[in-house]
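Here the protein sequences line up with chains B and G, keeping their order. Take numbering that gives the first Met the number 0: the last position of the first sequence gets the number 590, and nothing is skipped along the way. Take numbering that gives the first Met the number 0: the last position of the second sequence gets the number 590, and nothing is skipped along the way.
Just to be clear, a hint being listed does not mean it is correct.
Copies of the same chain look alike in the list, so a pair counts if it works inside one copy or between any two.
Unchecked claim - Under the rule of at most 30 Å between Cα atoms (straight-line distance), these lysine-lysine pairs were calculated in the BS3-like manner:
1) Lys207 with Lys186
2) Lys186 with Lys313
3) Lys383 with Lys482
4) Lys553 with Lys96
5) Lys383 with Lys194
6) Lys553 with Lys543
7) Lys67 with Lys142
8) Lys64 with Lys346
9) Lys99 with Lys403
10) Lys233 with Lys543
11) Lys307 with Lys511
12) Lys233 with Lys194
Simulated from the structure, these hints should not be mistaken for lab results.
2 protein chains.
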Amino acid sequence: MAISNVNIDNIPEIEKMRHTASHILAQAVLKYYPDAKLGIGPAIEDGFYYDFEFSEPIYEEDLEKIEKEMKKIIDDNLPLTQSYMKRKDAEKYLKEKDQKYKLELLKDIPDKELSFFATGEDAFIDMCRGPHVQSTGRVGAIKLMSIAGAYWRGDEKKPMLTRIYGLAFKKKSELTAHLELLAEAEKRDHRVLGKELGLFIYSDLVGKGLPLWTPKGATIRRILERFIVDEEIKRGYQHVYTPDIAKIELYKKSGHYPYYKDSMYSPIKVDDEEFMLRPMTCPHHFEIYSSQKRSYRELPMRIAELAKLYRYEKSGELSGLIRVRSFCLADAHIIAMPSQAESEIHKALDLIEFAAETFGLQPNKDYRYRLSLGDRTNSEKYYKDDESWEFAENVLRDVLKERKVESYEAPGEAAFYGPKIDIQMRNILGKEDTAFTVQYDFVMPKRFDLRYSDDNGEEKEPIVIHRSSIGAIERIIAFLIEKYAGVFPLWLAPVQVKVLPISDEQAEYARKVTDRLISEDIRAVLDDRNETLQYRIRDGEVNKIPYLLIVGNKEIDTNTVSVRSHGSKEIGLMKVDELIQSLQKEIENRS
Amino acid sequence: MAISNVNIDNIPEIEKMRHTASHILAQAVLKYYPDAKLGIGPAIEDGFYYDFEFSEPIYEEDLEKIEKEMKKIIDDNLPLTQSYMKRKDAEKYLKEKDQKYKLELLKDIPDKELSFFATGEDAFIDMCRGPHVQSTGRVGAIKLMSIAGAYWRGDEKKPMLTRIYGLAFKKKSELTAHLELLAEAEKRDHRVLGKELGLFIYSDLVGKGLPLWTPKGATIRRILERFIVDEEIKRGYQHVYTPDIAKIELYKKSGHYPYYKDSMYSPIKVDDEEFMLRPMTCPHHFEIYSSQKRSYRELPMRIAELAKLYRYEKSGELSGLIRVRSFCLADAHIIAMPSQAESEIHKALDLIEFAAETFGLQPNKDYRYRLSLGDRTNSEKYYKDDESWEFAENVLRDVLKERKVESYEAPGEAAFYGPKIDIQMRNILGKEDTAFTVQYDFVMPKRFDLRYSDDNGEEKEPIVIHRSSIGAIERIIAFLIEKYAGVFPLWLAPVQVKVLPISDEQAEYARKVTDRLISEDIRAVLDDRNETLQYRIRDGEVNKIPYLLIVGNKEIDTNTVSVRSHGSKEIGLMKVDELIQSLQKEIENRS
Numbered sequence: 000m001a002i003s004n005v006n007i008d009n010i011p012e013i014e015k016m017r018h019t020a021s022h023i024l025a026q027a028v029l030k031y032y033p034d035a036k037l038g039i040g041p042a043i044e045d046g047f048y049y050d051f052e053f054s055e056p057i058y059e060e061d062l063e064k065i066e067k068e069m070k071k072i073i074d075d076n077l078p079l080t081q082s083y084m085k086r087k088d089a090e091k092y093l094k095e096k097d098q099k100y101k102l103e104l105l106k107d108i109p110d111k112e113l114s115f116f117a118t119g120e121d122a123f124i125d126m127c128r129g130p131h132v133q134s135t136g137r138v139g140a141i142k143l144m145s146i147a148g149a150y151w152r153g154d155e156k157k158p159m160l161t162r163i164y165g166l167a168f169k170k171k172s173e174l175t176a177h178l179e180l181l182a183e184a185e186k187r188d189h190r191v192l193g194k195e196l197g198l199f200i201y202s203d204l205v206g207k208g209l210p211l212w213t214p215k216g217a218t219i220r221r222i223l224e225r226f227i228v229d230e231e232i233k234r235g236y237q238h239v240y241t242p243d244i245a246k247i248e249l250y251k252k253s254g255h256y257p258y259y260k261d262s263m264y265s266p267i268k269v270d271d272e273e274f275m276l277r278p279m280t281c282p283h284h285f286e287i288y289s290s291q292k293r294s295y296r297e298l299p300m301r302i303a304e305l306a307k308l309y310r311y312e313k314s315g316e317l318s319g320l321i322r323v324r325s326f327c328l329a330d331a332h333i334i335a336m337p338s339q340a341e342s343e344i345h346k347a348l349d350l351i352e353f354a355a356e357t358f359g360l361q362p363n364k365d366y367r368y369r370l371s372l373g374d375r376t377n378s379e380k381y382y383k384d385d386e387s388w389e390f391a392e393n394v395l396r397d398v399l400k401e402r403k404v405e406s407y408e409a410p411g412e413a414a415f416y417g418p419k420i421d422i423q424m425r426n427i428l429g430k431e432d433t434a435f436t437v438q439y440d441f442v443m444p445k446r447f448d449l450r451y452s453d454d455n456g457e458e459k460e461p462i463v464i465h466r467s468s469i470g471a472i473e474r475i476i477a478f479l480i481e482k483y484a485g486v487f488p489l490w491l492a493p494v495q496v497k498v499l500p501i502s503d504e505q506a507e508y509a510r511k512v513t514d515r516l517i518s519e520d521i522r523a524v525l526d527d528r529n530e531t532l533q534y535r536i537r538d539g540e541v542n543k544i545p546y547l548l549i550v551g552n553k554e555i556d557t558n559t560v561s562v563r564s565h566g567s568k569e570i571g572l573m574k575v576d577e578l579i580q581s582l583q584k585e586i587e588n589r590s
Numbered sequence: 000m001a002i003s004n005v006n007i008d009n010i011p012e013i014e015k016m017r018h019t020a021s022h023i024l025a026q027a028v029l030k031y032y033p034d035a036k037l038g039i040g041p042a043i044e045d046g047f048y049y050d051f052e053f054s055e056p057i058y059e060e061d062l063e064k065i066e067k068e069m070k071k072i073i074d075d076n077l078p079l080t081q082s083y084m085k086r087k088d089a090e091k092y093l094k095e096k097d098q099k100y101k102l103e104l105l106k107d108i109p110d111k112e113l114s115f116f117a118t119g120e121d122a123f124i125d126m127c128r129g130p131h132v133q134s135t136g137r138v139g140a141i142k143l144m145s146i147a148g149a150y151w152r153g154d155e156k157k158p159m160l161t162r163i164y165g166l167a168f169k170k171k172s173e174l175t176a177h178l179e180l181l182a183e184a185e186k187r188d189h190r191v192l193g194k195e196l197g198l199f200i201y202s203d204l205v206g207k208g209l210p211l212w213t214p215k216g217a218t219i220r221r222i223l224e225r226f227i228v229d230e231e232i233k234r235g236y237q238h239v240y241t242p243d244i245a246k247i248e249l250y251k252k253s254g255h256y257p258y259y260k261d262s263m264y265s266p267i268k269v270d271d272e273e274f275m276l277r278p279m280t281c282p283h284h285f286e287i288y289s290s291q292k293r294s295y296r297e298l299p300m301r302i303a304e305l306a307k308l309y310r311y312e313k314s315g316e317l318s319g320l321i322r323v324r325s326f327c328l329a330d331a332h333i334i335a336m337p338s339q340a341e342s343e344i345h346k347a348l349d350l351i352e353f354a355a356e357t358f359g360l361q362p363n364k365d366y367r368y369r370l371s372l373g374d375r376t377n378s379e380k381y382y383k384d385d386e387s388w389e390f391a392e393n394v395l396r397d398v399l400k401e402r403k404v405e406s407y408e409a410p411g412e413a414a415f416y417g418p419k420i421d422i423q424m425r426n427i428l429g430k431e432d433t434a435f436t437v438q439y440d441f442v443m444p445k446r447f448d449l450r451y452s453d454d455n456g457e458e459k460e461p462i463v464i465h466r467s468s469i470g471a472i473e474r475i476i477a478f479l480i481e482k483y484a485g486v487f488p489l490w491l492a493p494v495q496v497k498v499l500p501i502s503d504e505q506a507e508y509a510r511k512v513t514d515r516l517i518s519e520d521i522r523a524v525l526d527d528r529n530e531t532l533q534y535r536i537r538d539g540e541v542n543k544i545p546y547l548l549i550v551g552n553k554e555i556d557t558n559t560v561s562v563r564s565h566g567s568k569e570i571g572l573m574k575v576d577e578l579i580q581s582l583q584k585e586i587e588n589r590s
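Work the whole structure out from these sequences, hints included.
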C-alpha cells in the first residue's frame, strides 16, 4: 500500500514477505476487532506495521492473541491473489466495508482500475498494489513487538491511529538472533544506563534536549575532553575559546543564514542588534585567523575548540544524548595551503583512528570510510567550481587509497562547500551512522576572504579542512555507554575503586586505604554503610565499579586488600602499593 | 555646582580644593575661548572636570596653554567670594553672558536667591553653591589629563559637550606619585597587554563584550580552569556540566525573572517555549540536587561548575575582560545542614585564600574581607525573616573573627537572600573591588523546595552557600595580566621557553632541544627565523617569555643551553636534563 511510483519488479523477496505479513496482521486484527478501520501497512526495516482505528483502545497484552491468529494464517498457507476493480466498484466495496481511510487513499490514486489483493478465498481483501509472496506460508518467522500512536498520514491535524509493529524474518533462527540483539541493545541503551548509573538527568524546567551532567557523567566528560584536547595540542592543534553567540551578520557572511536558518534558534535582541546561538564554529575561527596578516610560515594553522553548538531539533526527534538541542563538538578548522591538504587530511584521519583505537574500536569491523562526493550537474546543491571539486575529490581519493581502512564512494553526499570523508560507525545492531567527518572546503575561504602571503610575498587563498576528532561529546559518550554496556574502562570510570570494610572493625583501615588511593589520583570511594558485605558487593557490581577492594582483619595484618574486578572476577590479595602501581598503569594505558 | 542636597559643611578640604580647580579651569578656558558655554564642573576622585560647549573643536594639545593659565591663576592666589542674586537678576546676568546651560540649570533650582562665586575681582563668576577653598593659592598641584565627549546632563538626546579632566592634589609630590601610578597602570592595562601579547581579540562581526581567546590566551585560560577544577575536586567539590540556556519558567521559579530581568537577554523562541541565556547557575544545580531524594549522609553536597553566564551590560559600560556580556564563572553551590554552614564557609575561604596565595596575592595587603549585611527595616530589598538574618550574620561574623584577614562590616550590601562575605581586592591604583564572594542563602531552598532526610528520617530544609573560588575566568585573567604586567609565572605562561640558535649551524640541535622540552610537557617554541640573535632576544623579551635558551657551538659540544630569564637576567649554561628538572619543579610549585 505504501509502495507507489516504484518499479515493483525490483522489490526484494524479503520486503514482499514483510508486506504480506502486514496483510496477515490486518486479517488477524479484523477477526477480533471486526469494526477496526484500516490505514496503511508497509514493510519496514526488519519487519512491518499496520495502522488501525479501533473503536476502543487495545493494549500490548492484546498482541498475543493477534500474533497467535497470524501464525495460524501462516500455517494455513493461504494463497494471495491480485484482481482489479473499476473505480466505482472499488468505492462501493470500500463503502460497504465502512473503510473510510481506504476511501480517502483511493481518491489520491489516479488509476482507472484499482488493484486488490485477496488472501485465501476472500478471507481478507485489501486495496493494494502489491507485490506479495505467493502464499502466507512463505512468510517465515514473525513477532508482534509494540503498539504506538501515529497520526493518519503523519498529519498532526488528522486522527491518531493505532500502529502495531512486527518483526518478520525468513527463518526462525534469524528472528531469534535479531531478538537477542534487540535485547542486548536495550540492555545497553544509553538512556537506560545513563539513568541507572546516574550519569545525566533531564529537567522539565530546563528543557527538552538539554541534558544536565551529574557528577559521575561530568567526570567521564571531563576526562574525555582533556584527553582529546591534550592529544590535539600534542599534534600541533592550537586550542581557542570563542563565544557561543555572535551577531546575525556573522552568519549572513558565512552563508549559514538564511541557508541554514531552519536549524538555528531565533535571534536574541541586545540593544539594536540581533545575536544567534551559534550552530557552528567556522566563522569564529576565521575571525581569529583574519585578526592579523598571516604568512605561509604559519600554515597549516590548526585552530581547535571544544565548542558548544546549538541546532534546532524537533521535540519529537530528540533522543537521549544522541539528538540534543545543544552539544559540545571537538571541532577544528585547519587552514592550509592547497599543497598541504593531503598530508593534513592524513593527519586528521590518524588522530581519528588513534582515538577510535583508544576506545577499542577497530577499523573495518567497527567503522569504515565513506568518500562523500558532489554532483557537477547540480549547482543548486553544490557550489559551482568544477576544477576545485575535481582537485579536492582526487585529494581525498588518494588519501583513502593509501590507508588500510575499507572505504566506499557515495555520490551526492558532499557538503555544499566540498567533498568529505565520513567515518561510518556500526552500532550493536549493525546500523551505520556518520560518527566523525573530515571535510575539504574551497568556498568559505572566499566568503571570509582568507589570505596568506606566500614565500614571494604574494597574497594567496588557503583552503580549509573542517574536522571533528571525537565528534560531539554527548554523542560519543552515548556511543561509549552502549559499546561498554556501562562498564567503562578504568581511565574513564567515574568511580574507579570502592573500598568495602567487612565490618566496622576495619572501617579505619578502609578509610586510610581510600585516602591513600585518592592522594594517588585514583577515584576511590569508601562504602562503609551499615549494610551486609554481600549487599555492598552487589551494589558495586550494579554500579559497574571496575574494582572492589574488600578488607577484613587478614588484610589489615598484611597491609593488603582483597581485589575483585567487575563481573565477579576474584583477583585475590594485593599489597596496597602494588595495587596502586597496577591501577596507575592501567589508567595510563587507557586499557 | 554638582553638589546639591548635601550638607556642605561636611565636605572635606580636598574636595573643596578640587572643585575650586574646576572654576580655575573654566576661567582659564574663557581666556582663550571667550564664547565657550559652561556646563557643570564638579570635583571627582583624584581631581575634577568641567563641561564646555566650544564653537569649534579643541584638542589635547590645547590643554597645555590652558594648564599654564590655570597655574598662573593659582600663583595669583585670587580670593573666592560668595554672593547671592535674586532669581531675576541671576537670569538677566546669565543671559547677558549668553550662558544657556547655566540658565537651564537655574530653572531647576527652587531657591529664591541664587548663590554665585567670584574668583578675584570678578575675574570669573560662576553660579555655584560652593563650597570652595578661600583662594586659588590653596589649590595645590594640578594637571590637565584628557578631553572627552559628554552629553549634557548625561542625556543622549541632548548636545554633546566637551569635558576636560584634570587631577588635583594638595602637594606636588602626591601628584607626581599618582602620575607614576597611572603610568604604571597604563603599562599594565590588560586591554593593551592583551593585544600586545596576542591573548585575545574582539571582532565587530561577533559582537561587543564577547572576547575571542587566541591560542596564547586560551592556554592561560585552560591552565587556570584545570587548576581550579582539580583543586576543587580535591576539596570535595563535585563538578557538573549544565546547559547555558533554560526555559523561562526556571527563572520564574527562582525569582530571577522578572526580578533580575534587566540583566538578562531577550528570550529565544523554540517551538512554543521561551528559553533564556542563563544569568546564573543556581537553579540548574538545584535541579540536579532535587533529581533524587537526598539524605543527611550526602551533605554537605558541593556542586561546582565552570559555568558560562550571560548578563546584559550597556555597550558603553563594556571594558576589556572586566565588563563583558558573557563570562565563565568558577561557580559552586554548597547545600548543607545549617549546622555545617560555619565549617563550609571556612572551607570556602580556605580555598579562596589558597588560590589567592597561588597567584601571589597577600591577605591584608592585596585584599581584605567585607561582611555585607542586610537591613531588617527594609523588607523590599531584603527577604523578611529576621531570625534567619540574625543567625546567618552571626555565623559569618564568627567565621571572620577566627580568620587572620582584616575585615569590616558593610550594612546594606547583602544579597536579597542573605548576608555574604566579599573578598575586596585592591588594584595597583589602590582601588578596592569585590573579586570573589561567599554568600549565605536561606531563601532559595524554600523557592526550590530543597529537602534532605535527617538521621531520624525526617524531612528538613538545607541552607545554600553560593560561592566563587576564582570568580569569572575573564576577570581573574584581566586582574592577573595587570598584576604580573604580562610577565606570567612559568606555570601560566603561554610560551614558557624559546630556543634561539645563534646561526643556521645550530638549527638542528635547537630543534632537538625544543622537541625534547615539548615531550616533557614544557611549552617550548623554536625561533630559528632568519633574523639576528639580538633581534630574536629582544622579541622574546617583548613577548615576556620566561626563559630564552640560546645555543651556539659551545652548547652543542657540552649538551647544554645558555639560559636567560625574562628581564635580561643571565643564568648561564645548564645541562638540558638539569634545565628540564628545574623548569618542571618551578611549574609544579606554581612559583
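Each hint, compared with the structure:
1. Lys207 with Lys186: within (24 Å within a copy, 49 Å between copies)
2. Lys186 with Lys313: within (27 Å within a copy, 52 Å between copies)
3. Lys383 with Lys482: Answer is neither; intra-copy 41 Å and inter-copy 54 Å both fail.
4. Lys553 with Lys96: Cα proximity of Lys553 and Lys96: none, with 81 Å in one copy and 102 Å across.
5. Lys383 with Lys194: Neither, since 48 Å and 39 Å both go past 30 Å.
6. Lys553 with Lys543: Within. Shortest intra-copy distance 26 Å satisfies the 30 Å Cα cut-off; inter-copy 59 Å does not.
7. Lys67 with Lys142: within (10 Å within a copy, 100 Å between copies)
8. Lys64 with Lys346: Neither, since 58 Å and 65 Å both go past 30 Å.
9. Lys99 with Lys403: neither (57 Å within a copy, 85 Å between copies)
10. Lys233 with Lys543: For Lys233 and Lys543, only the inter-copy Cα distance (23 Å) is at most 30 Å; the intra-copy one is 32 Å.
11. Lys307 with Lys511: Classified as neither: same-chain Cα gap 41 Å, cross-chain 38 Å, threshold 30 Å.
12. Lys233 with Lys194: Cα proximity of Lys233 and Lys194: across copies only (26 Å, versus 35 Å in one copy).
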